[in-house]
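Enquirer: Read off the chains here:
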Amino acid sequence: MKAILELFWVFFKLGLFTFGGGYAMLPHIKEVVIEKKKWLTEDEVLDIIAIAESTPGPIAINMATYIGNKKKGFWGSVFATLGVVLPSLIIIFAISLFFDAFLKNQYVKYAFVGIKCGVAFLILKTGIEMLVKTKKKFLNIFLLSLTLIAMLLCELFAVNISSILFILFGGVLALIIFSICNKKVKQKTDNNQNESLEEKEEEKIDIQKVNSDKEENIKKENLSKNLPKNTKKITKKNKPQNNNKKQKEEVEK
Amino acid sequence: MIYLILFAEFFKIGLFTFGGGYAMIPLVKEVVLKYGWLNEFQFLDFLGVCESTPGPIAINMATYIGSTQGGVLGSILATIGVVLPSFIIILLVATILKKFINNKYFQAFLSGIKPVVVGLILSAGIMLVLKVIGFNSLQNFDFSLVSLITFCVLATIYCLIKYVLKKKFNTILFILTSAVAGIVFSVIFV
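Keeping their order, the protein sequence lines are chains A and B.
All residue numbers in the first sequence are consecutive under this note's numbering, ending with 335.
All residue numbers in the second sequence are consecutive under this note's numbering, ending with 200.
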């Protein structure tokens with residue numbers, strides 16, 4: 083009960099001080115969830131952002147539901163979501179009663195000029211911190227700079243490209259590279275073991291392998307032409323083949 | 011039956027908004043104009059308020075339109091409508107995710123997503139800073155000196171706290187400071 087109330091309170095505060103939509107919430111979420119409460123690690127937060135971005139709904143809600151569910155199951159997620167929603171519900175309801183008078187107040191306007199600057203700085207700061215913590219691998223740097231440049235160009239020329247597309251592209255590309263590398267390693271080990279076998283078995287297996295290799299290559303070529311739809315098939319096809327190879331290895335031993 | 015309409019329309023908006031608040035703006039606009047709840051100018055005005063009040067834009071939108079159309083109950087129902095789809099979907103994903111998280115292919119997939127997300131956040135940050143200073147698009151540049159000064163001062167304050175004083179950074183205090191800074195510099199320079 084105490085933990086659920088804590089979830090509610092933490093997300094209530096998050097909802098209360100998140101100006102300007104989803105990304106603005108990240109610096110505060112990182113501060114509270116990673117450093118103070120230690121509910122999640124940095125990697126987990128990135129995973130959740132990716133999931134939140136590729137599922138419908140505001141990021142803040144997705145984040146609250148996920149963390150609530152992880153800490154305290156269903157009721158945790160209910161109270162965390164309630165917590166993050168309640169402040170805006172109350173504040174906007176109050177504003178809706180005297181909307182025009184609120185906007186006309188000179189000092190309210192001035193305060194919002196400052197708040198916008200602060201929010202922009204916080205998001206930029208979060209982005210830079212994440213950039214520094216990203217592992218400096220070629221694929222990471224390639225995907226990161228590609229996304230950054232593409233998004234900035236889109237914004238400059240007022241073109242709308244959904245960020246889901248970038249996310250899917252990154253994921254699928256990494257998946258393809260991973261499965262290709264995986265295959266090569268497996269083939270090498272297979273070849274080494276085959277050399278030490280008796281001739282008859284070697285011939286049989288080699289024939290099988292050559293056949294299956296040909297099929298694989300053809301599949302690979304076909305797959306690489308139409309990537310997104312077939313990536314799932316790649317993973318599915320890999321598994322049975324891997325199993326076969328393992329069985330062969332066991333027989334050989 | 012305004013309550014049912016509010017709930018259903020915002021449920022639909024919640025269900026089809028991928029990628030956070032900004033993606034939902036065209037959807038809300040369409041619905042709002044269809045029912046005549048707001049005209050285009052009122053909508054733009056309110057967008058400004060949504061961006062500068064706390065909370066996700068989606069929630070703010072739902073609450074405001076619900077409240078103007080159906081009072082307290084209307085605002086509550088519209089908000090529940092917009093929250094419910096993501097709530098249900100994330101609960102499902104979270105239960106599935108537990109099984110998937112150790113699968114190496116899923117891990118590979120996630121490893122490609124992470125740099126993209128960092129790139130997205132970074133580009134959002136850069137664009138926001140440019141927009142705050144007054145750069146809207148290639149044709150539309152409306153420079154704001156007050157914003158530039160406020161931004162530089164806030165960045166300096168942050169660096170002072172982080173690298174000179176080496177104290178823990180508090181986001182909420184920072185937002186409050188930025189509100190005060192906005193008022194002070196606006197009064198001085200306007």
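Hints are supplied without guarantee of correctness; some may be wrong.
[Claimed, not checked] Straight-line Cα separation of at most 27 Å, DSS-like style, residue types lysine-lysine; simulated pairs:
1. A/LYS118 - B/LYS39
2. A/LYS120 - B/LYS178
3. B/LYS114 - A/LYS218
4. B/LYS22 - A/LYS120
5. B/LYS178 - A/LYS217
6. A/LYS119 - B/LYS177
7. A/LYS119 - B/LYS172
8. B/LYS109 - A/LYS268
9. B/LYS172 - B/LYS141
10. B/LYS176 - A/LYS207
11. B/LYS44 - A/LYS215
12. A/LYS154 - A/LYS84
13. A/LYS154 - B/LYS177
14. B/LYS39 - A/LYS112
15. B/LYS114 - A/LYS217
16. B/LYS39 - A/LYS153
17. B/LYS178 - A/LYS112
18. A/LYS112 - B/LYS44
19. B/LYS109 - A/LYS265
20. A/LYS186 - B/LYS141
21. B/LYS178 - A/LYS119
22. B/LYS114 - A/LYS152
23. A/LYS119 - A/LYS207
24. A/LYS118 - B/LYS178
25. A/LYS215 - B/LYS177
26. A/LYS119 - B/LYS141
27. B/LYS114 - A/LYS95
28. A/LYS217 - A/LYS154
29. B/LYS109 - A/LYS207
30. B/LYS176 - A/LYS266
31. A/LYS207 - A/LYS265
32. B/LYS22 - A/LYS218
33. A/LYS207 - B/LYS114
34. A/LYS120 - B/LYS176
35. B/LYS178 - A/LYS153
36. A/LYS120 - B/LYS141
What the hints contain is simulated information worked out from the structure, not anything from laboratory work.
This structure is a prediction, so every number in the text was calculated from the model and none was measured.
Enquirer: Could you run down the list of hints and mark each one as holding or not?
Expert: Here's how the hints hold up against the structure:
1. A/LYS118 - B/LYS39: Violated: A/LYS118 and B/LYS39 sit about 39 Å apart, past 27 Å.
2. A/LYS120 - B/LYS178: Holds, at about 16 Å.
3. B/LYS114 - A/LYS218: Holds, because 21 Å separates the two Cα atoms, which is no more than 27 Å.
4. B/LYS22 - A/LYS120: Since the Cα atoms of B/LYS22 and A/LYS120 sit roughly 35 Å apart, the hinted pair is violated (cutoff 27 Å).
5. B/LYS178 - A/LYS217: 25 Å, holds
6. A/LYS119 - B/LYS177: With Cα atoms ~18 Å apart, A/LYS119 and B/LYS177 stay inside 27 Å; holds.
7. A/LYS119 - B/LYS172: 20 Å, holds
8. B/LYS109 - A/LYS268: Distance of about 25 Å is within 27 Å: holds.
9. B/LYS172 - B/LYS141: 26 Å, holds
10. B/LYS176 - A/LYS207: 16 Å, holds
11. B/LYS44 - A/LYS215: Roughly 46 Å separates the two Cα atoms, so the pair is violated.
12. A/LYS154 - A/LYS84: Distance ~11 Å between A/LYS154 and A/LYS84 Cα, so the pair holds.
13. A/LYS154 - B/LYS177: Between A/LYS154 and B/LYS177 the Cα gap is close to 32 Å, so the pair fails against 27 Å, i.e. violated.
14. B/LYS39 - A/LYS112: 32 Å, violated
15. B/LYS114 - A/LYS217: Holds: B/LYS114 and A/LYS217 sit about 18 Å apart, inside 27 Å.
16. B/LYS39 - A/LYS153: Cα-Cα ~37 Å, so violated.
17. B/LYS178 - A/LYS112: 13 Å, holds
18. A/LYS112 - B/LYS44: 39 Å, violated
19. B/LYS109 - A/LYS265: 24 Å, holds
20. A/LYS186 - B/LYS141: Within the cut-off at roughly 22 Å; holds.
21. B/LYS178 - A/LYS119: 14 Å, holds
22. B/LYS114 - A/LYS152: Roughly 22 Å separates the two Cα atoms, so the pair holds.
23. A/LYS119 - A/LYS207: Answer holds: A/LYS119 to A/LYS207 is near 21 Å, not above 27 Å.
24. A/LYS118 - B/LYS178: 11 Å, holds
25. A/LYS215 - B/LYS177: Given that 27 Å is the threshold and the Cα spacing comes to 21 Å, the pair holds.
26. A/LYS119 - B/LYS141: 34 Å, violated
27. B/LYS114 - A/LYS95: Not OK: B/LYS114 and A/LYS95 at ~37 Å, beyond 27 Å, violated.
28. A/LYS217 - A/LYS154: Given that 27 Å is the threshold and the Cα spacing comes to 32 Å, the pair is violated.
29. B/LYS109 - A/LYS207: Violated: B/LYS109 and A/LYS207 sit about 34 Å apart, past 27 Å.
30. B/LYS176 - A/LYS266: Violated, at roughly 49 Å.
31. A/LYS207 - A/LYS265: 40 Å, violated
32. B/LYS22 - A/LYS218: 41 Å, violated
33. A/LYS207 - B/LYS114: 32 Å, violated
34. A/LYS120 - B/LYS176: 21 Å, holds
35. B/LYS178 - A/LYS153: 25 Å, holds
36. A/LYS120 - B/LYS141: It is violated: about 34 Å lies between the C-alpha atoms, which goes past 27 Å.
Taken one by one, the earlier hints fail for this structure at numbers 1, 4, 11, 13, 14, 16, 18, 26, 27, 28, 29, 30, 31, 32, 33, 36, listed in ascending order.
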